[in-house]
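Use these hints to put chains P, H and W onto chain S, whose structure you have.
Protein chains: 4
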Amino acid sequence: MPLSKEQKKEIQEQQAQENKTKRVTSPELEKILYEAIPVLDHGFVRVVDYMGDDSSIVQSARVSYGKGTKKVSTDSGLIKYLMRHRHSTPFEMCEIKYHVKLPIFIARQWIRHRTANVNEYSARYSILDKEFYMPTKDHLAAQSTINRQGRGDLIDGKQADEILNILKKDAEQTYDNYELMLNERFDGTTINKNNKGLARELARMNLTLNTYTQWYWKTDLLNLLNFLSLRADSHAQYEIRAYADVMTNSLKKWVPITFDAFMDYRVGGMELSAKGKSVIEKMIKGENCNFESSNLSKREWNELMDSFGFKEKIL
Amino acid sequence: MPLSKEQKKEIQEQQAQENKTKRVTSPELEKILYEAIPVLDHGFVRVVDYMGDDSSIVQSARVSYGKGTKKVSTDSGLIKYLMRHRHSTPFEMCEIKYHVKLPIFIARQWIRHRTANVNEYSARYSILDKEFYMPTKDHLAAQSTINRQGRGDLIDGKQADEILNILKKDAEQTYDNYELMLNERFDGTTINKNNKGLARELARMNLTLNTYTQWYWKTDLLNLLNFLSLRADSHAQYEIRAYADVMTNSLKKWVPITFDAFMDYRVGGMELSAKGKSVIEKMIKGENCNFESSNLSKREWNELMDSFGFKEKIL
Amino acid sequence: MPLSKEQKKEIQEQQAQENKTKRVTSPELEKILYEAIPVLDHGFVRVVDYMGDDSSIVQSARVSYGKGTKKVSTDSGLIKYLMRHRHSTPFEMCEIKYHVKLPIFIARQWIRHRTANVNEYSARYSILDKEFYMPTKDHLAAQSTINRQGRGDLIDGKQADEILNILKKDAEQTYDNYELMLNERFDGTTINKNNKGLARELARMNLTLNTYTQWYWKTDLLNLLNFLSLRADSHAQYEIRAYADVMTNSLKKWVPITFDAFMDYRVGGMELSAKGKSVIEKMIKGENCNFESSNLSKREWNELMDSFGFKEKIL
Amino acid sequence: MPLSKEQKKEIQEQQAQENKTKRVTSPELEKILYEAIPVLDHGFVRVVDYMGDDSSIVQSARVSYGKGTKKVSTDSGLIKYLMRHRHSTPFEMCEIKYHVKLPIFIARQWIRHRTANVNEYSARYSILDKEFYMPTKDHLAAQSTINRQGRGDLIDGKQADEILNILKKDAEQTYDNYELMLNERFDGTTINKNNKGLARELARMNLTLNTYTQWYWKTDLLNLLNFLSLRADSHAQYEIRAYADVMTNSLKKWVPITFDAFMDYRVGGMELSAKGKSVIEKMIKGENCNFESSNLSKREWNELMDSFGFKEKIL
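Chains as they are written, first to last, in our numbering: chain S, 830 to 1144; chain P, 830 to 1144; chain H, 830 to 1144; chain W, 830 to 1144.
Hints may contain errors.
Identical chains share a label here; the pair holds if one copy fits it or two copies do between them.
Calculated lysine to any residue pairs in the SDA-like style (CA-CA distance at most 25 Å, straight line) [to be verified]: (1) LYS1127 <-> SER884; (2) LYS1111 <-> GLU1100; (3) LYS998 <-> LEU832; (4) LYS966 <-> ILE866; (5) LYS1022 <-> THR974.
No lab work stands behind these hints: they were computed from the structure.
Same shape as in the complex, but just chain S (with noise of 0.2 Å):
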């Protein structure tokens, strides 16, 4: 993530800025605020902007409940509350926006959280960068044989070298390629004076999905949180949980009160059904309880299980 000149000077100019506001801060946000966060190879992850704190989702709850509210005694006990009893519109009451630098197949698992503003990187108007994602020989993973989506052991040795050779010659082919269609370097050189290029929009067809672009992105605390829940989750891809990783880290700083709250009722907590609750019930009170009597399909029980570590009762 070498970032150029230019983007480093802009960075420190922005940063350099101390303006005076009414607004309410966020003080360990702001020693972060525009500074580009490593993820994978070359992207990155900058909080640009934010709006309100955790004072802000207490306001706006005291608004909803008026004199009521006066009673719960403290900011934290209220933001608890709110989460465990999924309250969520207060949480929408704070904003935050981000730069955000990444491979296109993890752009496109990202656009499907609808419940944001978008601005992305055009290549119907400009020429990308020649920056791809390569993983890491750590991350070089099998197809899992017991989940369609996950990844299984790690693949190494020659095989391993191999892959990541075809996708780095494959990968930097794509984009000369790119350049020579549109009959332009990313530099602006024309490559052949007597060609024309290709138009943008049509020559970008070529490039593979690991090229890099980027956006801004700006959405509300409550569906950040639901973002980060699904994306920071052990299921999610590697590669967009590294940057929900990022963007966790982000939210301690900015609302550390609603951070705790998530962790233990989100992240941490978990889903019963009715049907698992009645099994739960059992086993507190002593009761025989095994998967027969159970009413689970094998797959419910097993998750029931491995939910909460009986390692010996999975089937």
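Same frame as chain S, but now just chains P, H and W:
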């Protein structure tokens, strides 16, 4: 709109803040931040937070268009271009939050704009204030005879007095009975210690629609413009227009370049249908052109002539 | 809910349709299509259109997962899997449209669910019917003393009569004055031919919040489930729950497999926080576990014990 | 677009359905329901479900306006009125669902329309088909020299052959390597039984952006019109316009009255800014009017003259 002592103190404390931030600020908007600007007889609009300014729109547009946008020489030129061509996503990159006090029947119009975040005072939890909207005599208009959703001539004299008298008497009586059913006055004192108080979620049903409520309402700049273009329009009901006018003023302070473009392209602009355009073309060329040959309905013809101020041509 | 002759005729005509279609149909839902199912004293819920059935969820999920889904043997298994893992987008592929008549104070709760399409009867254009919600005595409850937004014991005897009397009298009086200000009765007759009628958009402000309104409300299946899980819940206000219950019944007819999964995973299910899960783990293992060592707040402890029915452990 | 035998059979079965329904139907749309209409070289658009027709718009508008709308004599008049005055919510009462096969770089443009429901084929789960978009020679255009996001003259002769050769070769090579890394061919056969297969979620990154994907895409009529007015426009990229054109045709079959109003007020219509309107007023009155006195930028002046076809006035 006599703010309570408590409210005044809260506003003063908010305004006394002097925080440092690396975020962009909007100096003119900062000057009125938190201020309760009176609307109607008991309502107000307060800007309580914001994110971004004109430069944020430009910043995200330049990410989209990459090096391509460098040729548009000025921020103002770019914002006008975006507005003219309805490139709407960069305008979503700014966000604003209002605290609004407004009559319930206006809140019901307002809430139809769904792309916004809302926390409203809850009459399930708390007791509503004894405040009702009473129109002034210069807004006490008769039903329009030509427009099913508009106002016609003013009602004056004795009938006006009677109407105002009804509105006042009914609002007060229903509120007094609201307290009676709650068995509790707004100040918290019990009315009859031998009685129970009816659940708040039920008692509220006795209130009239001109009772004031309040909410926090947060939206992005694009959706604010959509709201204002509909609600600051002459066809909007006067009472919501009064709010939209105050908010249009805050728009001007917040994002002055966007404001200018909005006035030129939206507020002062108009739409032509294909058929309408063809009429205008003929008129410019000095060709014979009248209602009969226009292919327009009478209503369309009149609307078109009216928008160009050709009063003599209206049927 | 005496439907007018006109309305009855319209419903009969709609129900008499026998159109041919290549679209999937939901035979059980067809049976009640257009029928006005009574809710509260004057309200109703009518299913007026729908798109898709259980098979539509499966169809779109199989597009997502491609050949991968063929291994899930049954539609039912797949729908349960999607519900359990909150793979939500396939549930958005079904759509339903209701025609609802409901009191205004309930409409104001309902409209907070923003991901839906709404067309409401406009009191700017037209005159509202003289119909108000009056609770029956078995729902006339006092404010809860333990829950700020709940109901406690019933109010009965003389106080109940007084309350019902107030509600009736105030609603009738404000409606009569509404007509007086409009200078027009609901049947269109003029009251005083020497007077003007106040603009409808103004006169409506005199009505009480238990006046009935009506709307078309259209949403996708995912958002319907979200609505029902909140509004058919025991914590919801009785009056909106009455609507949600009728709609839950239409859900069962429309998409019976999804209905079963919804009952198991959402309605009958629960969420455990990280701390709560750790308490449950100890209890299952028979380890010593009490409030003091639980890290939970008193409120959380009680909610947890309550959800498993351990009444003796509630503090 | 050679559909597989399986796909053809599925479509035939869907089209052979003859269900009875009390819902409104759109007879012309029924005729093409499920049919895979070819777009580009391997893509298609299929209407797979719909809800409502022109009468549904009228129905919900009449609920809004109550008795007030009875005076608008015809459905067509009412729909035109709604379109002209941007009364948008009645158009949200109809819904349509498409099954679309399209190149990934087009899918990335399309997905920017967020108010829609989407289920896309997942390359995390399954292996993508070996199908790539190859432009025909009559669409192989050079970058426009006047518009940064447009196409200019065609590229022909030897350079065209070279470009098509590159596109074909690179797509095939990257796909072959995709299979190699997966260690599995699309038909499920293993390539090298001593190797593991790379996880699908990783291997896909080697594919080029012209690889075809497919999805179910469902939206309401209002948002479909917004999509079509942008994407069937001459400024849209040809490849997405090809889809929008087919969908515009389905619009005409589905809701013919709305289609006419859309063509008149949106597609064939235009917007005038306040300044532009003032220019037009002068021109109609025969007053002296030129660029210098117009207050317009050169670009705005040219756009305005161009839209009225006044070629001699363009600077």
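Results of checking the hints against the structure:
{"no.": "1", "hint": "LYS1127 <-> SER884", "verdict": "between (45 Å within a copy, 24 Å between copies)"}
{"no.": "2", "hint": "LYS1111 <-> GLU1100", "verdict": "both (17 Å within a copy, 18 Å between copies)"}
{"no.": "3", "hint": "LYS998 <-> LEU832", "verdict": "within (24 Å within a copy, 33 Å between copies)"}
{"no.": "4", "hint": "LYS966 <-> ILE866", "verdict": "within (22 Å within a copy, 44 Å between copies)"}
{"no.": "5", "hint": "LYS1022 <-> THR974", "verdict": "between (53 Å within a copy, 15 Å between copies)"}
Hint compliance for this structure: every hint is met.
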